[in-house]
Amino acid sequence: MELTALQQDALVELLNIGFGRAAASLSQLTGHRVLLEVPQVTLQAVDEVGEALARVVQGQVASVHQIFNGPVAGDALLILDESGAAMLKELLTNEPALPLSIDASAREVITEIGNILLNACLGTFGNLLKVQVSFSVPHLNIEHVGAILESLKIQHEGLRYALVVHAGFRLRDTQVTGYMVIVLSVASLDRLIRAVEDWERSQS
Amino acid sequence: MATKVQNADALRSAAAKWFEDLDDRGVFITDDRFIVRRWNHWLAAQTGKPAEDIVGRPLFELFPDIVARGLDASYRDALAGEVRVLSQRFHKYLIPITRSFHGAGLTEMAQSARIEPLRDDRSIIGTITLVEDVTERVISERELRNQISASDQARQMAEEASRLKDEFLATLSHEIRTPLNAVIGWTRILQTQPSVRSRAHALEVIERNAMSQMRLVEDLLDMARIISGKLRLKIDAVSLAEVAQAAIDVVAPGAAAKQIAIDAVFPPALPYVSGDSERLQQVVWNLLSNALKFTDAGGRLRLEVTVDGGNVRLSVRDNGQGIAPDFVPYVFDRFRQADASASRRHGGLGLGLSLVRQIIELHGGTVGVQSGGVKQGSLFWFSLPAVPDLERRPATQPVASDPVTLDGTSILIVDDENDAREMLVAMLENFGATVRAAASADEALDILRSGVFEPDVLVSDVGMADTDGFALIRSIRLLERPKARSLPAIAVTAYANPEDRVRALVAGYQNHIPKPVDANALAAAIVQLVTT
Numbered sequence: 619m620e621l622t623a624l625q626q627d628a629l630v631e632l633l634n635i636g637f638g639r640a641a642a643s644l645s646q647l648t649g650h651r652v653l654l655e656v657p658q659v660t661l662q663a664v665d666e667v668g669e670a671l672a673r674v675v676q677g678q679v680a681s682v683h684q685i686f687n688g689p690v691a692g693d694a695l696l697i698l699d700e701s702g703a704a705m706l707k708e709l710l711t712n713e714p715a716l717p718l719s720i721d722a723s724a725r726e727v728i729t730e731i732g733n734i735l736l737n738a739c740l741g742t743f744g745n746l747l748k749v750q751v752s753f754s755v756p757h758l759n760i761e762h763v764g765a766i767l768e769s770l771k772i773q774h775e776g777l778r779y780a781l782v783v784h785a786g787f788r789l790r791d792t793q794v795t796g797y798m799v800i801v802l803s804v805a806s807l808d809r810l811i812r813a814v815e816d817w818e819r820s821q822s
Numbered sequence: 005m006a007t008k009v010q011n012a013d014a015l016r017s018a019a020a021k022w023f024e025d026l027d028d029r030g031v032f033i034t035d036d037r038f039i040v041r042r043w044n045h046w047l048a049a050q051t052g053k054p055a056e057d058i059v060g061r062p063l064f065e066l067f068p069d070i071v072a073r074g075l076d077a078s079y080r081d082a083l084a085g086e087v088r089v090l091s092q093r094f095h096k097y098l099i100p101i102t103r104s105f106h107g108a109g110l111t112e113m114a115q116s117a118r119i120e121p122l123r124d125d126r127s128i129i130g131t132i133t134l135v136e137d138v139t140e141r142v143i144s145e146r147e148l149r150n151q152i153s154a155s156d157q158a159r160q161m162a163e164e165a166s167r168l169k170d171e172f173l174a175t176l177s178h179e180i181r182t183p184l185n186a187v188i189g190w191t192r193i194l195q196t197q198p199s200v201r202s203r204a205h206a207l208e209v210i211e212r213n214a215m216s217q218m219r220l221v222e223d224l225l226d227m228a229r230i231i232s233g234k235l236r237l238k239i240d241a242v243s244l245a246e247v248a249q250a251a252i253d254v255v256a257p258g259a260a261a262k263q264i265a266i267d268a269v270f271p272p273a274l275p276y277v278s279g280d281s282e283r284l285q286q287v288v289w290n291l292l293s294n295a296l297k298f299t300d301a302g303g304r305l306r307l308e309v310t311v312d313g314g315n316v317r318l319s320v321r322d323n324g325q326g327i328a329p330d331f332v333p334y335v336f337d338r339f340r341q342a343d344a345s346a347s348r349r350h351g352g353l354g355l356g357l358s359l360v361r362q363i364i365e366l367h368g369g370t371v372g373v374q375s376g377g378v379k380q381g382s383l384f385w386f387s388l389p390a391v392p393d394l395e396r397r398p399a400t401q402p403v404a405s406d407p408v409t410l411d412g413t414s415i416l417i418v419d420d421e422n423d424a425r426e427m428l429v430a431m432l433e434n435f436g437a438t439v440r441a442a443a444s445a446d447e448a449l450d451i452l453r454s455g456v457f458e459p460d461v462l463v464s465d466v467g468m469a470d471t472d473g474f475a476l477i478r479s480i481r482l483l484e485r486p487k488a489r490s491l492p493a494i495a496v497t498a499y500a501n502p503e504d505r506v507r508a509l510v511a512g513y514q515n516h517i518p519k520p521v522d523a524n525a526l527a528a529a530i531v532q533l534v535t536t
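Those protein sequence lines, which keep their order, are chains A and B.
The first sequence begins at 619 in the working numbering and counts up by one.
The second sequence begins at 5 in the working numbering and counts up by one.
Possibly wrong hints are sitting among the right ones.
Here are some of the chain B residues that sit facing chain A, going by a computed Cβ distance under 10 Å [as the list claims (entries may be wrong)]: (1) Val142; (2) Ser166; (3) Arg167.
Computed Cβ-Cβ distance ranges for the label pairs, DEER-style [as the list claims (entries may be wrong)]: (4) A:Gly677 with B:Gly372: 26 to 32 Å; (5) B:Lys169 with A:Asp665: 57 to 63 Å; (6) B:Tyr334 with A:His650: 38 to 44 Å; (7) B:Ala84 with A:His650: 24 to 30 Å; (8) A:Glu669 with B:Arg149: 36 to 42 Å; (9) A:His650 with B:Ala77: 16 to 22 Å.
Read the hints as simulated data drawn from the structure, not as lab findings.
Ideal placement from N, C-alpha and C gives every residue a C-beta, glycine not left out.
Use the sequences and the hints to build the structure in full.
This is the structure:
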């Protein structure tokens, strides 16, 4: 399954609305102007996501993981490499970062940022589909990038797809790139894409 | 069926009670209009507001601070189905609980919180909030951060020290080489053009450079002694005026050459200070040469000794180039010079002022410096506690004596280095002595055993290949010939520490003279041994 150029454009536009909402929350929270943009969205079978991510992030990563339920259900993750996570936290809180493994406060900050971003995007999807999406409590994990996706594959049966979204944070002249991965069943993905197409048509 | 319903009700109320009794974190529940419906024990205890005062009232009226900080939006998000985590770092706290936390600078309990929707089967009917006290964590993270920055600072200081040492080594090799160039250059000229007219000048240059190199080495040794705590002071009652005058006499020729006038002002009745007169003279000499170095030709120095309460204070003021304000705190630091270009113009190791401070502090005194800034001149001073008892006279006053002569004295010289041996021979023959030289300990022992030459004094190097000077003197003290066995002996060594002197005396020498050898001092030591 592949996204058409039209679907891809529509998804980027939609995600940018969600990111705009998240950026506004983060700016308010930190007192700094935070910009968030979606430069790129790709659709991949879950099995291939690991490979795709391994090309852009290496080693230990921090991931904020939320499960969402409703007519559209799946897993949503924000993945930052460890230096990106530390830098983001430092930029947002004005405090020098300690290694994440010993800095519980930093882990909490990253969790809150992930929570804001994931909820904003999935909330936008919910609004679009006119359904309510409910969320689990966000969890932060620090582990090897391969391990995260491995656990996603084990949890579910059946073919699943993932939207891989490059998320560019820009604040105080610094750029940090994170990766949002939204894992959906074929049915959920179908529903989402049809809604996106309808929305795109209603826009033009 | 009835029991099942009863069981479910019982479980529900047991769960509610479990939450209410929970005492390690706060839990409260609101309905969909944010009216508080449950308020657990922990919250009641921490806020001092029992459930009966809270339950049934709107959350945002109870805690208007939540609205003021925009956190009511998180509650609205929860009603829309979202989960909100509130990190301590961003929000500090959710429910204000004022208390002082053992001097950690926190006035509110640090909290993390989580706000979640509560659902029945169909829709969201309220919110549940979990509040956690993370004060301890915040304090320990802050301490960790401070420790890390302290160790960073320590590392930076170590790096700075290492950089200064490198710089110092570069300066040191430059400073050691400079006089050597002059010595070697002029020596070559004397060798190739023995009849050159400026022979006297050449010798004068060679001597001056050798002396300056010796001073350099002495400064280094002094610094090494001070660092290792081995500098011993010979304490006596000392007149700073006399010390200062002696130091002025030493620098006077240099000052005259630069046309710099030195004014000396001493009060008529000056109390003594307790100190090592040689070391104090070194201090004053260092202050004066430093002032001379940084004062342009035609300038003026003023040395003044004053009594200031129970202290005697000596100051040296110049109208030279002064000190930049940002360098003032480092003036007395080891290996520091204000800037590379200036230091290269003025030479020196940057040890002089550091020695001044160390020596004065060893005396229990204080040092200081004032400067109006660059080109404003500077004022260096030190102050020492006065000795209340004025009766004692300084003990060590060098007594001018008749020129030394070694006429009729026979001397055996032992040194395995040809140049050093020949120099000693020439030096002592100049004083009129009869000299025989041996190139090894064995050769010296042969001479003494045979009795062909019966010296009055033995002058021996210590560090020799094969048999060293210590072994030599021990063998001599075991010889059969009485005159040889009791032969007065002087050790000459490059090992100039007090410990080396003690070793030489213990081995059986009567005296110990450090290299480079001062001819007069050696001759005087020989005279002393022969006449006593």
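Each hint, compared with the structure:
no.: 1; hint: Val142; in the structure: holds (7 Å)
no.: 2; hint: Ser166; in the structure: violated (25 Å)
no.: 3; hint: Arg167; in the structure: violated (25 Å)
no.: 4; hint: A:Gly677 with B:Gly372: 26 to 32 Å; in the structure: violated (56 Å)
no.: 5; hint: B:Lys169 with A:Asp665: 57 to 63 Å; in the structure: holds (59 Å)
no.: 6; hint: B:Tyr334 with A:His650: 38 to 44 Å; in the structure: holds (39 Å)
no.: 7; hint: B:Ala84 with A:His650: 24 to 30 Å; in the structure: holds (26 Å)
no.: 8; hint: A:Glu669 with B:Arg149: 36 to 42 Å; in the structure: holds (38 Å)
no.: 9; hint: A:His650 with B:Ala77: 16 to 22 Å; in the structure: holds (19 Å)
Comparing the model with each earlier hint shows violations of hints 2, 3 and 4; every other hint is respected.
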